[in-house]
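A.B. asks: Sequence:
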Amino acid sequence: MSRGCHVITRRLLEQLPELAEMEVGLANFFVQHTSASLTINENASPDVPLDLADSLDRLAPEGTQQRYRHDDEGPDDMPAHVKSSLMGASLTLPIQHGRLALGTWQGIYLNEHRNYGGPRRLVITVQGQKRADGRKYSGWR
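Quick note, the numbering used here runs 27 ahead of the 1-based positions in the sequence shown.
Hints are computed from structural coordinates only; laboratory data are not their basis.
Any given hint could be a false lead.
Distance windows between CB atoms, simulated [said to hold, decoys possible]:
no., residue 1, residue 2, range
1, ASP99, PRO73, 31 to 37 Å
2, GLU50, TRP132, 32 to 38 Å
3, ALA159, GLU100, 48 to 54 Å
4, SER29, TYR95, 19 to 25 Å
5, PRO146, SER72, 24 to 30 Å
6, SER165, GLY130, 41 to 47 Å
7, ARG37, ARG162, 20 to 26 Å
Below, a list of computed lysine to any residue pairs in the SDA-like style, where the Cα atoms sit at most 20 Å apart [to be verified]:
no., residue 1, residue 2
8, LYS163, GLY101
9, LYS157, GLU41
10, LYS163, ALA128
11, LYS157, GLN42
12, LYS163, GLU50
13, LYS157, ARG126
14, LYS163, GLU89
15, LYS163, THR66
16, LYS157, LEU40
17, LYS157, ARG85
18, LYS163, LEU79
19, LYS163, GLU41
20, LYS157, PRO44
21, LYS157, VAL51
22, LYS157, HIS124
23, LYS163, ARG37
In this text, all values refer to a predicted model and were calculated from it rather than measured experimentally.
Idealized CB from N, CA, C, for every residue including glycine.
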């Protein structure tokens, strides 16, 4: 995935067909990397991910090697770790009636903080109570 903030809600839901069987529960999403992060933010405006990435760049700018002691993998190395620490590596969301209980304008973001981050792996854990009647709910969210 390229550097930046990417809405991945639909991609995640495509990997979780078992949500449709859940009455109530929790879904935990965890990114197994120290230079990528997860967050929830607005999913409608294409400007939001761009502004979010720009804001993170101002908080933890890339610069000369004098700015950070840890620069083993280049000038984007330590700023990526700072951004990841600020944003977090995991999200836990409620499941209600077969859907993630996200607000209307909320989306799940994977934030890639490296110029060339490589493949990212997410661990997803879903737990909860299935519908008593064994039927499935329909719909994405």
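A.B. asks: Is it true that the CA of LYS157 sits at most 20 Å from the CA of ARG85?
C.D. replies: Violated, at about 45 Å.
A.B. asks: So if I understand the rule, the pair passes when the alpha-carbon distance is 20 Å or less; does LYS157 with GLN42 pass?
C.D. replies: Distance of about 18 Å is within 20 Å: holds.
A.B. asks: Quick check: does the Cβ-Cβ distance between ARG37 and ARG162 fall within 20 to 26 Å?
C.D. replies: Roughly 23 Å apart at Cβ, these two residues keep to the hinted range, so it holds.
A.B. asks: When you check the alpha-carbon spacing of LYS157 and ARG126, does it fall within 20 Å?
C.D. replies: Answer holds: LYS157 to ARG126 is near 12 Å, not above 20 Å.
A.B. asks: LYS163 and THR66: Cα distance at most 20 Å?
C.D. replies: violated, 28 Å
A.B. asks: Hint says 19 to 25 Å; check whether the CB-CB distance for SER29 and TYR95 agrees.
C.D. replies: For SER29 and TYR95 the Cβ distance comes to about 23 Å; the hint holds.
A.B. asks: Please work out if LYS163 and ALA128 have their alpha carbons no farther apart than 20 Å.
C.D. replies: Given that 20 Å is the threshold and the Cα spacing comes to 16 Å, the pair holds.
A.B. asks: Do the alpha carbons of LYS157 and GLU41 lie within 20 Å of each other, as the hint requires?
C.D. replies: holds, 19 Å
A.B. asks: Hint check: LYS163 vs GLU89, CA-CA at most 20 Å. Holds or violated?
C.D. replies: violated, 48 Å
A.B. asks: Is LYS157 close enough to VAL51, meaning Cα to Cα at most 20 Å?
C.D. replies: holds, 7 Å
A.B. asks: For a C-alpha distance cap of 20 Å, please report whether LYS157 and LEU40 respect it.
C.D. replies: holds, 17 Å
A.B. asks: Would the pair LYS163 and LEU79 pass a check requiring their Cα atoms to be no farther apart than 20 Å?
C.D. replies: violated, 36 Å
Of the numbered hints given earlier, the model fails hints 2, 6, 8, 14, 15, 17, 18; all others are met.
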